[in-house]
Amino acid sequence: DGGITQSPKYLFRKEGQNVTLSCEQNLNHDAMYWYRQDPGQGLRLIYYSQIVNDFQKGDIAEGYSVSREKKESFPLTVTSAQKNPTAFYLCASSIGLLNEQFFGPGTRLTVL
Amino acid sequence: GIQVEQSPPDLILQEGANSTLRCNFSDSVNNLQWFHQNPWGQLINLFYIPSGTKQNGRLSATTVATERYSLLYISSSQTTDSGVYFCAVGSEGAQKLVFGQGTRLTINP
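Listed in order, the protein sequences are those of chains C and H. Read in order, the letters of the first sequence correspond to residues 1 to 112 in our numbering. Read in order, the letters of the second sequence correspond to residues 1 to 109 in our numbering.
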């Protein structure tokens, strides 16, 4: 099946710990994205990557880091510098930037 | 940057009713997508429609790019249509989608 997978579905961490969220796609898409959604809000862009070994900051990149070593994978690390990390995180991919985006099922992160 | 406004913010209807959701945007776009977010948070692609009209079953969408708005029509609503509907746009020269705040649709049996 072609699609985007995110793991884990739910994640609980203590304050001050770094945590890495996984995003994998087998759609052969070049572009990948990470979004954050807070309750009752729309999505905000954290980071995006147009191609392997390249990524750019989005609107709310502070406290987050990413890597793009493989076309299929775009992991997101939520660092201890992120002041309010509890949120729903969604990964997306597209053939190229501004082509139709497709989303994974999301990861709910709760920092205790 | 581009601004996206969705209306109404909330819509409550009885099963079988028709609904129209609106998305206004402040600049020229070369990408416009409509999504349905289900109760588990999954974003389901409904339409990729930077201009023109498309139909898919009971759903249809129209984007009038020159007047900077898009409409999503849902006919003969079912309870499974409940959820939040998002419009997202990409403006020329930008390299990202900007999301509206969503319309929360509740269909009562």
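Please keep in mind that the hints were generated in silico from the structure rather than gathered at the bench. Just to be clear, a hint being listed does not mean it is correct.
Partner residues aside, some chain H positions facing chain C, computed with beta carbon under 8 angstroms [as the list claims (entries may be wrong)]:
(1) Gln33
(2) Leu46
(3) Ser60
(4) Gly90
(5) Gly100
(6) Gln101
Covered stretches of chain C (chain H as the covering partner; in silico rule of three or more C-beta atoms under 8 angstroms from a C-beta of chain H) [as the list claims (entries may be wrong)]:
(7) 67–81
(8) 94–108
Note that CB positions come from ideal geometry on N, CA and C, so glycine has one too.
Checked hints:
no., hint, result
1, Gln33, "6 angstroms, holds"
2, Leu46, "11 angstroms, violated"
3, Ser60, "17 angstroms, violated"
4, Gly90, "5 angstroms, holds"
5, Gly100, "6 angstroms, holds"
6, Gln101, "5 angstroms, holds"
7, 67–81, "violated (count 0)"
8, 94–108, "holds (count 10)"
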